[in-house]
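K.L.:
Here is what each chain is made of, one letter per residue.
Number of protein chains: 2
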Amino acid sequence: MNITSLYTQIIQRQSYLCVGLDTDPTLIPDYLQNQPDGVLTFNKAIIEATQDLCVSYKINTAFYEAQGLKGWEIMEKTLSFIPKDKLVIADAKRGDIGNTAKKYAQSFFETLSFDALTVAPYMGEDSVKPFLEYPDKWVILLALTSNMGSQDFQMLRLKNGNLLYEEVLKKSSKWGNASQMMFVVGATQAALLPRIRNIVPDYFLLVPGVGAQGGSLEEVSKYGMNSQVGLLVNTSRSILYASSGEDFAEAAHKEAFTIQQEMKVCLEKYLKD
Amino acid sequence: MNITSLYTQIIQRQSYLCVGLDTDPTLIPDYLQNQPDGVLTFNKAIIEATQDLCVSYKINTAFYEAQGLKGWEIMEKTLSFIPKDKLVIADAKRGDIGNTAKKYAQSFFETLSFDALTVAPYMGEDSVKPFLEYPDKWVILLALTSNMGSQDFQMLRLKNGNLLYEEVLKKSSKWGNASQMMFVVGATQAALLPRIRNIVPDYFLLVPGVGAQGGSLEEVSKYGMNSQVGLLVNTSRSILYASSGEDFAEAAHKEAFTIQQEMKVCLEKYLKD
Chain S
104 MNITSLYTQI
114 IQRQSYLCVG
124 LDTDPTLIPD
134 YLQNQPDGVL
144 TFNKAIIEAT
154 QDLCVSYKIN
164 TAFYEAQGLK
174 GWEIMEKTLS
184 FIPKDKLVIA
194 DAKRGDIGNT
204 AKKYAQSFFE
214 TLSFDALTVA
224 PYMGEDSVKP
234 FLEYPDKWVI
244 LLALTSNMGS
254 QDFQMLRLKN
264 GNLLYEEVLK
274 KSSKWGNASQ
284 MMFVVGATQA
294 ALLPRIRNIV
304 PDYFLLVPGV
314 GAQGGSLEEV
324 SKYGMNSQVG
334 LLVNTSRSIL
344 YASSGEDFAE
354 AAHKEAFTIQ
364 QEMKVCLEKY
374 LKD
Chain Z
104 MNITSLYTQI
114 IQRQSYLCVG
124 LDTDPTLIPD
134 YLQNQPDGVL
144 TFNKAIIEAT
154 QDLCVSYKIN
164 TAFYEAQGLK
174 GWEIMEKTLS
184 FIPKDKLVIA
194 DAKRGDIGNT
204 AKKYAQSFFE
214 TLSFDALTVA
224 PYMGEDSVKP
234 FLEYPDKWVI
244 LLALTSNMGS
254 QDFQMLRLKN
264 GNLLYEEVLK
274 KSSKWGNASQ
284 MMFVVGATQA
294 ALLPRIRNIV
304 PDYFLLVPGV
314 GAQGGSLEEV
324 SKYGMNSQVG
334 LLVNTSRSIL
344 YASSGEDFAE
354 AAHKEAFTIQ
364 QEMKVCLEKY
374 LKD
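Listed in order, the protein sequences are those of chains S and Z.
For reference, each letter of the first sequence is one residue, going 104 to 376 in the numbering used here.
For reference, each letter of the second sequence is one residue, going 104 to 376 in the numbering used here.
Bear in mind the hints are in silico, worked out from the structure with no lab data behind them.
Here the structure is a predicted model, which means the values were calculated and not measured.
There may be inaccurate statements among the hints.
Any copy will do: because identical chains look the same in the list, a pair fits if it lies in one copy or spans two.
[Said to hold, decoys possible] Here are the simulated DSS-like pairs of lysine-lysine, each with C-alpha atoms no more than 25 Å apart in a straight line: (1) Lys367 to Lys187; (2) Lys273 to Lys262; (3) Lys189 to Lys375; (4) Lys277 to Lys262; (5) Lys205 to Lys180; (6) Lys357 to Lys189; (7) Lys147 to Lys173; (8) Lys357 to Lys187; (9) Lys375 to Lys273; (10) Lys262 to Lys274; (11) Lys240 to Lys180; (12) Lys147 to Lys187.
Assemble the whole structure, with the sequences as input and the hints as a guide.
P.N.:
Spelled out as structure tokens, the structure:
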């Protein structure tokens, strides 16, 4: 999917919601935990309940890998339930030397049908470039994450005056344009969004951390939105586990609807001409 | 496996070789490429041919993920061929927020039977800690990698005077002791090993980049060895693809033997009392 299609989708649906399918087999409703295809049934119902309200789905591969072979099978089948007009993100945070990065690109963009992959920046340019060779596919590079540990290295001041995450944004935005790359910026870091928009005005930001992690959609939208919207806001747990009963899909729809309505208001308020 | 067993193995075998099973289905001998279980047959033969000469195997998950479900199945079966006295490393370079890191730990240490996992440091302490809760399992944190891209961020000078990779070593070595953590240091960075040993004198270093990437075993051993050896030197391509013919396993054995013999000499020269 290219940046124009993504923007069009957002405007049509009045939503920049990305639903995170980080499905934990121990957190789905009890009656599904006892079924062999419980997670798959759950994912299918979540997708059906939210697909009119979001523009993207994000699969955190850890939740599937944890179940081994069976988990990968569930992940592949889950992909087949996602409508073709969605941007499908593998949140896998990969990053390795060139010849290995090529294999990861093959894995996520060819073997699996993801549109985008999250990548860690620590290993530098040649660990990112192989992903940029696929037209209409995206690298989403970690910049400033939503967790406590973001303080340990990302917020370190460099001798040249930049914080490390700012250096990551500056340097890596030269590797690929705004139709190939996005950046992960945690919603808990909304206060830093004006600085970030200064460095990467045109790039989409994938923003996790609204909901369970405590980030504010209003703040993120106020400081992060650009003229192409430029935001995909991810919510996982608050949608997936909105109810632990048989009405989980209905509850997920309600929660996604609440978020979409807030996004509609934010688009009216903050979308720059 | 704990650090004492690892040291004992190294002394017994006079080897600190880690064989990297980064098997590329397009690079194995032609006659195996045509067999449905070609990669598995190849891996089994490589393991049998090298197990007396090494103390560790490293599986780079990218090479298996690239083949999707089938690849994960091959990886699981490959694990079952590795003798129990080897340190088995998943070179997966994972790194994610706490609740996701727990899932990765479950994936590699419970669902799969790896002893160690490579982890990227960018997301900080809470992305590493969940892996340290498993007794006799290891986190191998990326510090200074062997690729060109290591210059982009790892070698940046911080305001406090440290280079970023030095800061990673200093800070993260407080998170876990030398029986729980190792660090990745590329063989192409051997000139920096004295500085690295200054910061982390007691930790094992996993050293890729000897062989195809051009690092020198002699240099790495001279500057990197400590009183517990403290080195696992990985070689992948030069062993795996020592011959492209039916004698590939014999050629792999010969190459591993050459390396082991050089290691034996290095142990005599550089193992500190």
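K.L.:
Go through the copies and call it for Lys205 and Lys180: within, between, both or neither, with a Cα cutoff of 25 Å.
P.N.:
Both: 24 Å inside a copy, 24 Å across copies.
K.L.:
State whether the alpha carbon distance between Lys147 and Lys187 is at most 25 Å within one copy, between copies, both, or neither.
P.N.:
Classified as within: same-chain Cα gap 14 Å, cross-chain 40 Å, threshold 25 Å.
K.L.:
At most 25 Å between CA atoms: does that hold for Lys147 and Lys173 within a copy, between copies, both, or neither?
P.N.:
both (16 Å within a copy, 23 Å between copies)
K.L.:
For Lys273 and Lys262, with the copy left unspecified, which applies at a CA distance of at most 25 Å: within, between, both, or neither?
P.N.:
Both. Shortest intra-copy (15 Å) and inter-copy (18 Å) distances satisfy the 25 Å Cα cut-off.
K.L.:
Go through the copies and call it for Lys357 and Lys187: within, between, both or neither, with a Cα cutoff of 25 Å.
P.N.:
Within. Shortest intra-copy distance 23 Å satisfies the 25 Å Cα cut-off; inter-copy 51 Å does not.
K.L.:
Can you tell me if Lys240 and Lys180 fall within 25 Å by alpha carbon in one copy, between copies, both or neither?
P.N.:
within (20 Å within a copy, 32 Å between copies)
K.L.:
If the cutoff is 25 Å on CA atoms, where do Lys375 and Lys273 land: within, between, both or neither? Let me know, please.
P.N.:
Result: close within a single copy only, 23 Å intra versus 44 Å inter.
K.L.:
Reference check for the pair Lys357 and Lys189, CA-CA at most 25 Å: within, between, both, or neither?
P.N.:
within (20 Å within a copy, 52 Å between copies)
K.L.:
Which holds for Lys277 with Lys262 at a C-alpha limit of 25 Å: within a copy, between copies, both or neither?
P.N.:
Both ways: Lys277 and Lys262 sit 21 Å apart in one copy and 24 Å across, limit 25 Å.
K.L.:
Is the C-alpha distance from Lys367 to Lys187 at most 25 Å within one copy, between copies, in both cases, or in neither?
P.N.:
Answer is within: at 23 Å inside a copy they meet the 25 Å cutoff, but 58 Å across does not.
K.L.:
Between Lys189 and Lys375, at a C-alpha cutoff of 25 Å, which is it: within one copy, between copies, both, or neither?
P.N.:
Only inside one copy: Lys189 and Lys375 sit 24 Å apart there, 59 Å across copies, limit 25 Å.
K.L.:
For the identical chains here, do Lys262 and Lys274 meet the 25 Å Cα criterion within one copy, between copies, both, or neither?
P.N.:
both (15 Å within a copy, 18 Å between copies)
Violated hints are absent here; each numbered hint is respected by the structure.
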